[in-house]
Structure formats: structure tokens, C-alpha cells
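Chemist: With these hints in hand, go ahead and build the complete structure from the sequences.
Chains as they are written, first to last, in the numbering used here: chain V, 1 to 241; chain E, 1 to 241; chain H, 1 to 241; chain D, 1 to 241; chain F, 1 to 241; chain B, 1 to 241.
This list has only true hints and no planted wrong ones.
Because identical chains share one entry, a pair is satisfied inside a single copy or across any pair of copies.
DMTMM-like, lysine to aspartate or glutamate: derived pairs with alpha carbons at most 20 Å apart: (1) K221 to D89; (2) K221 to D69; (3) K221 to E170; (4) K231 to D89; (5) K221 to E188.
Just so you know, the hints here were simulated from the structure itself, not pulled from any lab data.
There are 6 protein chains.
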Amino acid sequence: MRILVVNVNTTESITASIGEQAASAASPGTEIVPLTPLFGAESVEGNYESYLAAIAVMETVRAHREPFDAVIQAGYGEHGREGLQELLDVPVVDITEAAASTAQFLGRTYSVVTSLDRTVPLIEERLHAAGLSERCASVRASGLAVLDLERDEQAAVAAIAEEAGRAVEEDRAEVICLGCGGMSGLAERVAERTGAPVVDGVTAAVTIAESLVRLGLSTSKVRTYAPPRPKKIVNWPPAAR
Amino acid sequence: MRILVVNVNTTESITASIGEQAASAASPGTEIVPLTPLFGAESVEGNYESYLAAIAVMETVRAHREPFDAVIQAGYGEHGREGLQELLDVPVVDITEAAASTAQFLGRTYSVVTSLDRTVPLIEERLHAAGLSERCASVRASGLAVLDLERDEQAAVAAIAEEAGRAVEEDRAEVICLGCGGMSGLAERVAERTGAPVVDGVTAAVTIAESLVRLGLSTSKVRTYAPPRPKKIVNWPPAAR
Amino acid sequence: MRILVVNVNTTESITASIGEQAASAASPGTEIVPLTPLFGAESVEGNYESYLAAIAVMETVRAHREPFDAVIQAGYGEHGREGLQELLDVPVVDITEAAASTAQFLGRTYSVVTSLDRTVPLIEERLHAAGLSERCASVRASGLAVLDLERDEQAAVAAIAEEAGRAVEEDRAEVICLGCGGMSGLAERVAERTGAPVVDGVTAAVTIAESLVRLGLSTSKVRTYAPPRPKKIVNWPPAAR
Amino acid sequence: MRILVVNVNTTESITASIGEQAASAASPGTEIVPLTPLFGAESVEGNYESYLAAIAVMETVRAHREPFDAVIQAGYGEHGREGLQELLDVPVVDITEAAASTAQFLGRTYSVVTSLDRTVPLIEERLHAAGLSERCASVRASGLAVLDLERDEQAAVAAIAEEAGRAVEEDRAEVICLGCGGMSGLAERVAERTGAPVVDGVTAAVTIAESLVRLGLSTSKVRTYAPPRPKKIVNWPPAAR
Amino acid sequence: MRILVVNVNTTESITASIGEQAASAASPGTEIVPLTPLFGAESVEGNYESYLAAIAVMETVRAHREPFDAVIQAGYGEHGREGLQELLDVPVVDITEAAASTAQFLGRTYSVVTSLDRTVPLIEERLHAAGLSERCASVRASGLAVLDLERDEQAAVAAIAEEAGRAVEEDRAEVICLGCGGMSGLAERVAERTGAPVVDGVTAAVTIAESLVRLGLSTSKVRTYAPPRPKKIVNWPPAAR
Amino acid sequence: MRILVVNVNTTESITASIGEQAASAASPGTEIVPLTPLFGAESVEGNYESYLAAIAVMETVRAHREPFDAVIQAGYGEHGREGLQELLDVPVVDITEAAASTAQFLGRTYSVVTSLDRTVPLIEERLHAAGLSERCASVRASGLAVLDLERDEQAAVAAIAEEAGRAVEEDRAEVICLGCGGMSGLAERVAERTGAPVVDGVTAAVTIAESLVRLGLSTSKVRTYAPPRPKKIVNWPPAAR
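Modeler: Written out as C-alpha cells, the structure reads:
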């Protein structure tokens, strides 16, 4: 089985780290193919960048020439999963939803700890849209930008663990979701410090994508995610540079 | 005052008709500038096309060289308004929300009548995200594609009036919103047939945009719609053709 | 166009200040007619007073002998708008709803800052009933009674700005609504102190009422706001004194 | 114990029938005092009439010179209970809420069958405001006006039973509430025809009012229903005729 | 009238105190029969114990040989009421719901003060399931285990009053529900300290059960609570010891 | 890895069929251990039977002497999962929630098709409690009792496919969940007839349980599912027969 894991940021080192994280959770026989979007922001931390990433991820997957069995969109709180579902016949899993869905099997409530305060609303909106917000106790920001998480892992763990602790005590969360693709790999250390299970969206998404493939299930084509109708599309996709 | 009214479809005749409709509602002294997106689908009827339109509208507005006082995104149920709000200092009004918001002043419940069944979920999602779904009685499809609405106005009025009538009787709607930019201009005739007020999103949006400008109000930059952080963005925007 | 702006308090100086505020937002050619209710409390700060104001506003409008094109009910969190909608053929706009509806175009969430703690539940109930509470971050009280707001504007601005600041920081509001007819005129100064857009219900309502009239839209008579059936009404209205 | 049961309609025969119904449910030692409002519509079937009834009921109770231990507002879907709670130290029970609250102890869902279609929204609004709508399966109209219910009991039972049956089969209601003060006395016959328990709001309210008194409980004065502040109230109450 | 009041804990002294409390609220002519479950935990403070209590209460009631007119399940936040409703033809009242339902007649919002933090989610779940959570301001824990409440009433009153005070001030509760069968008898003293009405679930349930019986109402057998179908049940009930 | 799959019915042939179904989805190296409850009803179709099954499943798992890595509760809409989570350190997966959670990755909305009409409310309640009801389009009954499903597979497929088709067309479901443990094995044939993906709870649960184990995640012990406190439990468990 081959699973595309698509970063939403155009920073290659994040793609590499997401890829490693995904591979660590893959079953024997599953090949993880990490992809960097063809265009877009080095890190996605707002609506404009997220919309750009949405379309970049779709074009990147469409431009991929090898066959694949599932796609993981590895951005937390980003737009676009619905478009991928329309375009593809294979299952599509968003890590925001994978983490939340997994967390709900582990405790009555969960919180998300993300990077900057400005990305909190994006995550809340995605959980709301996905019907996964009812048991969400809070979305909290560690105050670290995506690229800072990359640079200083010590500080990252400390800042995330701090907010995770508050989520458990003040917001009554029972499970913590790491709310940023770039946080992949910190789960274990944050769990140690908080006593609550910590879910990483990338690894959760790998197991869900594998499961759907194994069960022979894929996106319903009944209505919302039916393939696009044949259309004239102008000036798109952009010429390669 | 100058208001950009941006079509989401790349079909110029729709832009023209939206522009006329907008102009019909504008106050003396308001200049309506209709814009066609620089790239994208001839008609937007699904998630992929809508995400592409979202980013196309943003780039089209960013590429606009004249000053303007407000922007109207003239697509029903489309993505992207949040990105425009981040990028701009002037008010941004989405016609889906303008219609719903206006309808709520006219009756206890409203229904939206749109083009194809597959666009129903997109509209429901936008109303849900905007906190405007509680008084939405239903979103109904006329079964006519966007370009069909353009082609045969007689049939369009008939099909829309039919569903509008059902919304009033079966779903207990008290107001009807015309759920498609391309329906601009049919409001009066549908109202005659159903007895309920009919709101057209484009004209509603014009009055709201004018009102915000007159009141000196614009998008809050406090959190969700703060300007994007300085970022390296690769391979974007695409080279002009 | 002539718009009645009806105070809910029987204090004439409040009527005058609401009238001025409304006039400041009116288009050229719009005449603002401020009205004081024929009976009721000098200031409305509770359910009994609010119900009394509801019926007083209706009777005052019914007793008005000049023609008019729209009515604004200028009380924050008061009862009665539904009754006016039944009685009249012209649009009716409540300032609580006008402010919330306008705020929703400016930010993802809004808070209301009102006078006394005891009026908080009334405002929450009206927003809840109007389907406008989903994006309401909080309703906060400044602790100043309606008549105190009139007396000491300095103190009013300070107290309101204080709570508005808390709403932005603690409740994550992105827009502030001034939750009291008597606060008209303080918007600009509160905005300066908090950095968030501040919406005044009276001016917002004027632009909405004007917009509805210009669009040729009025209250749906389909069901909820159909005219009252012919009825014998005893001992009412009270004899003039 | 003495309980005031206040009709919202000014038709004396309805007061009498409500009074009888209330008395039939009263414990030995409870005196039922039926009251007709001092002013207002012969039957309440809309918002204007309901707001007028709200204030009429309050004034009627305030004008009552004998001591009493509780008040029942015997109108279905009417405004005003909150004002009575402010004005009085004794418990206040609204029959709409009494019926719903009682129904919730009898089945998982309940429906209300009321008089005219136009009163459906009023009832829905009151249940929504009271936090009692979650388990409400539907509010259905029998199509009979309040005064028609009085006139032809045979027809009333038939029309109500018809809608009650639909509520059970189509809306999956498990309990029926009779949604009109004037329906008092039909419960048993409607129950026979539908097989579901039928709750009459007046008798339910009597047992709840008695229970609150016996338990020594009354309206909280903590915030929402604190007594009105001392105020100058002009031109009110109206001079007696 | 004879009402079974069934403890969920197997501690006899709690049964006795619940029985006394129930008797204090009963009308003349009502006989209160307190029952201790045939098996289960000495105090119920978690899901396993609560599920065990659910089935123990059902078997205890089924094993009861005397006729009875209603059953009260006297555990706060416990499972099982739905099963009793299926098995019996007489009304069944759960004290969690009785307290909440009663509180809603007394104020706009209520809070529950319970024993341990770990029972908070159980109570929240039951209120959520019963459609009674919308006006619940909070469920707070006093930190005292059920058996501690028995042992030191002074300390119990102090701890409960402390949390009740916070509920009123911080969570804006207007009524307090005592969230534990074992708290029966403390209502008056907690009310004195907080100024808000305090509802005890046991006494509230007695008046509700009596009311339903007097009104001739019992559980709907239409769907959810229809009697169990004839079934082979193996190894159950357990042999007497 | 060893996974216990616990039937809620005491009918051994259902256990066998659930076991086979589970095994068909298990990874190499996963051992499925099907268990029949030690006591309870031959088929669970109501609240009493479901509560009895809840406690029977818990006791059956506790009595199991071999080590295991996860538990699947294989009943649709049954009580008890929370108790298992308290008692165990390994992950617990309920098939109702497994199916819904999986369905949400496949389409915007899902419907459940179950056995008898009387089990519909049980399933709705569990989805509501689990925060999984927002995207549930409907729960529909095929009208076949659990044991009938066993007896005539042809008829079962026909009846289920019929309701599944209605769910897709009338309720706008995009995915179907088979709402009964006894339906295991029919998924493929129902999918063929409806065109929508069909999720079987048992196979979905197997992949989720395996995923949690592989990710090293288990139930949070932070609050709701902390282990029971040490307690005296009387007359329990029942003596073996």
C-alpha cells in the first residue's frame, strides 16, 4: 500500500520530519510518500496561506505520477480536504480530523495545542465543520510559530506541555492533540509531562488511512464529493517554471 | 465610494450580469467595479472549483491597481472570504452571508434556492461556519446548472419558483434567498409567484458594503483576520501568460 | 425616506441623543423621526419594564399620524420587535440585532458591553431568539445604570472600555457592540482604546433600515408576522390622559 | 394554599373553563382563583396580542388585593412569565413550560398540538427560550382558532387527535401536550385515540405550583428575576374606565 | 399512594436518610418505601458502579412484592432510569432530572454541586441525555466522597456552600441543585449561605411522582419505553445467597 | 496482539459470526477472541436488556483469564462502554462509535440502518452521548428483529438495502452504517445495491483497536475513566451456577 503524505508548508525539512513520523506508524508493507506542495508559503499560519495551501496540495497530488492508495493532508486546521475528496477515488484523511477522531476513543474530552494564537480559529472552524467540536474542550496556542517549533525542540516541548497542562486542569481535557504538523515527534515527551494520552495527527492519520484501505472503503461519491463536472478551466494550472 | 464585485466564475457574461445587478442597488456616488477572476472554472459547482475560485478571487483583488473601498465576493456558498479579510483593510462581504443576514430581518426563517443538488452542502457549510444556519429552514436545489440559468431565464424562474414554493409550504420558510450569483435579477418574479420576500445576495451585499463604509467600520484585525505574517511564498503567484 | 426611531425609555434626553446619533448615520434624503414612548419607565433595565416598553412602543407607533418607511426599536435586549412586525407593513429593525448582524461582517466573534448586570440575561435571550448567539463571545456589564451613562460620559467611556478590553482578551471577542441605546456616541472613543471595531446599534440599524427600503424589501407576511386577525380588544388602548 | 390562574384571553368563558380544569387537579386545601386580564384581546393568537396579554396579566396580578401563594399564567406560547417572576415573591408557572416539563418525565420526546398555524412559532420560541426544545419532536396546528375550540368540542377533539396521531407516527413523538389554554378538558379523549399520554398544561401547572409551595421554593432573586429597581414610570397604569 | 424510593448505594444509612427526606416532602396519604439495592457498591462514584447500580435497582424493584404507584431512583447522575421505565407501568422519576426540572422553574440557570470531581461527567451526561443541560450553568464538585458527606455534616455544608457560592458568582447560576442523594437534608442550610434557592432532588422527585400519579399520567409505551419483548434470558437473575 | 470481541447477546451463533467478521478484518498477527456474555438476553433490543448486557460484558471481560490488548464491545447502541474504560488499562472500542467515526471520513453525512424501530432511540442516544450525532442524517429501522437477521440473510439484505436507499435519497445520507452486530457480513451486498459506502461496525472497530494499540495509546485515566475507587461491593459478582 502506498500513502501520500502531503505537507501544507513548502519547507522541505518539515516534509521530511512529517514523512519520518508517518513512516514510524506505518505497517510493514505500507510505503509512505512525503510530498511538498508545488507552491505556497514556507509555513501556513493564516487563512490566505491556508487557502493557497489547499489548492497547492490538490495540484501537487494531481501532478503526482505514481499510483497511490490514500492521501493524508498533513496540515492542522487547513482548508482543502473536501476538494481532494472530490478529485480522488482513494480515501483522504486530514490530520486535524484524524487526531480528534482518535482522541474521542481515548477520553471524554480533548484539547488541541497548536502554534500561534492566530491559528486557533482555523482549527476551531475545521473541527466545527467536521462535526468534531462537541467534545473539544479547548484549542490552545503555545505561542510558538511553526518554524520556531522546528528550530528549538526543547523550548517547543516546554511550551506545549505548559498549555497541555492547563487544558487538562482548567479546561477539563482528558486527551491532548498536538495541533501542528511540525509537532510530529513530540507526543511522547508531552504525554510524560501531563499524564494524559497525547495524539499526534500524522501517526493517527496513517493508521486511519491504512484501515480504510484494508476495509475496502473510500470516499462516498453520492453527493458532496462527487467528481467535478466537466468544465472549461481557464489559465490553470499555471505553467511550470 | 468604489466597490469591487468579484465573480467566482470565469464566465464574463455572468460578471456582467452581476455587475448590472449590483449597480441597480448602489447609491448615487457608488461606483461598482465588476471583476472576473484571473483563472478558474467557467462555473463553480463543487469544492475543487470553489477552492480554486477562492484563491483566484484573492489574487484578482490583489492584482487590482485602482483604490477601492469594499469588496463583494459574488459566489454563493464559496470558500475564501476569510482570506480576503486577512489581506485587505476594507470591508469584505460574501453574498451568501449578506443574503442570509438580510433575510433574518424579514422573517423568522429563510430558505435558500440554489442551482444543483451538489452545491447544497457547500452552502449549508458556509452558513454553518458563519453562524447563520440556525434560522435556515432549508437549502433546496432547482436542478439547473449555473450556465443553464444564464441560458433560459423563463425555465430558471419556473424551476426556482417551484422550489421556493415548497420551501415556504413544506419547510416553513418565510423568506427566500436566491442562492446563486447567476440568479441575480430574478428576485422580483420569484417573489410574485411565492408571496414571500425574495432576497438577492448581490444587491443585499451592495447595501451592506456601503453601510459598513459609511459607518467607518472595517474588518477587525484583532485575531482571526490579522494580516498575514511576512513569509517566503514560493512559485506564487504564477507568471502571467 | 422617513424612519421612526423609537426609544424604549420615557426619558426625553435619551430620545434626543438617540435621534442625533441616528441622524448622523442617515443618508441624504432620509428623515429621522425620534419618538418617546407614550408610557413606561424612565429607563428600561429589567423584564417588567421591557415588556411594558414593548407594548408602549407598539402603541406609540400605531398612534403616529405621519407616514413612515421603516421603524427602528432603539432598546438593547428589549422585547417587542415581533409585535411591531405583525402590525406594520414597513421594515422593523431592532438595534440589538442590527448591531450583532453588523458585527458578524467584521470579525469572527463579537461581545456586547451593556449597562447593568441584570440586563445581561435579557440581551442574551434576544440574541438567542434571533439566531445570533452562536458567534457571541460574551455579554458583559459595565455596571453603570442607563441614566448614569447619560450623566457622566467620561466615566461611561472608561467603564465600557474596561469591559470591552476584557471581552477582547479573555473572551476572544474581535468586535464590540455597545449594548445600550444610551451609549450612542461613545463608539469611536471605545474603539480607540481597544483596537477592535465598535458597533453602535442605532447607526447600524439606520443603515439596515435604509437598505431594506431601498431594496424594496419588507417583513414577510407568510406566517409568524402575518397581520393580527380581527379581534375584539377590551379596555385598550387606555384613554389619553 | 391559594393559586391565581390567569387567563391570557379576555373571554370570561375561557377563564371559567381554565378555572374548572385547574380545580380538578388541585389538592384538598388548595384554592384556585381564576382571573381574566383587565384588558386585551378576546383570544390571543399572535405576537401583538401576546405582548398585550403579557402586560395585562402582570397588571391584573398586581391589582389583585387578596394574598396568594403562586401564579399560573394560563396561555400557551405567550410572553410575560419573566416579568411576573420579577414582580412577585411567589412561584410563577407558565403552562407551556409546565406541560413540556411534565411530558419529559413520560417519554423521550413530546409534541405540542395547538390551535392555528400562526401560533406555532410563538410556542416554538417559548420552548426554545426555556431550554425545553431539545426533546420537542414538533409543534403542530389543528387549524382551529381558540374561540372555535370553545364552540365545538366534538370537532376540536377530532382535529387535535388527528394531528396528535401524526405527531406520534411521523414526528416520533411519545407524549402529546395540548397547546392551548382553551383545550383544557380534552386530554383524556385525545389520549384514548392516540395511545400516548396527553398532558394538559393547566393541570400540570397546578401540581407544579403546589409542589414548589410545599417545598418552600420560589423564584431566585439572584439576577434575572431580581425585583425591578425603583423607577419613575409615566402614564401607567392606565386610569380605570 | 405508595412510592418506592430506591437508593443506588448499598449503604443502609443512606437509604434511611433518603427515606426520611422523601417522607418530609410527601403529602398526607403518601407512603414512602425506601429500598436498598440487593447488590452493588456501598457508594456509587463512577461508571462501573453506576451501571451495576442501574441493574441492581431494576432487579430490586422487580423483586418487590407489594404494589406501588411510582418509583424514584435516588442516585445523582446514575444510569438506569430508561430500563425502569420499560419494565414498569407506573411513573419513574430520577432525582437528577427532578432537581433540574424543578430548578428551571425557579431561575434562568442552575448549577449542580456534587461530591467528587469524577462524578461531574456522569451528571453532565445524564443532563445532556435528558435534554436538560441547556440551562445548566455548571456541575461542580465539593471534593467530598459520598460516605464523607454522611460522616461530617458540618464539613459537608461548608464545602457545598463554598462551591455553590462560586457557581452563583462565577458561573452565573441562579439556582443550586444538591447533586448527591446523600446530601438530602442540607438544602436549607446551603440556601441560607448563598441567597439562591437550593433544590434537593429527592424531595423534588417526591412531588413530581405524586403529581404524575394524581394526574393519571405514566410512562409512554409508544416506542422507547415499550415493555421488553419476550426473551430467553440466561443465568439471570443470580441465585439468592 | 490479542483483541477481545464481546457480543452483547447471549446467542452463541451471533458470537461466532461476529468473531468471523472481526477476524476477516484483523491484521496478520492479531488474534481475535470472541466472547459471549456470562448472562443476559439472547438478543438485546431495549433498555433493560442493554443495561443487563452492559454489566454482563464488564463481568465477562473481568472474568477472562488470558491477557489481551484491546476490547471491542460488539453491540449497536448498547450501554456500558464507559464502565469498561474505567475497569481496563487497554483501549475499549464500541462498534456504534467505530462505525460512525469511520463513516465520517467517507462522506459528509451518514445514516444507520438497524433492526427494530424500538432500538432507534438507543442508537441515537449513544451517538448523542459520544458527540457523533451532528453528521448523522438518520437512524432507520429495517423492521427485522436481531434473531430474524440471523435466520434469513436474503430477507435481511433486502430490508436493509431498502432503508439504506431511503436514507441516501430522503435523508441525504452519503454513507451507511450497519446498525446491528448481527448484520456483520452484509456490508458488501448492501453497498452494491445503494451505491454508497457501507460501514460495518465490527470490522471498523477491529482496525481502530489495532491502530490504538500500535500507536501505544489507551484510555485516559485523567478523570472520567479513572479506575474505580476501592469499595465494598455486596452480593456481587453472583455465584457461578
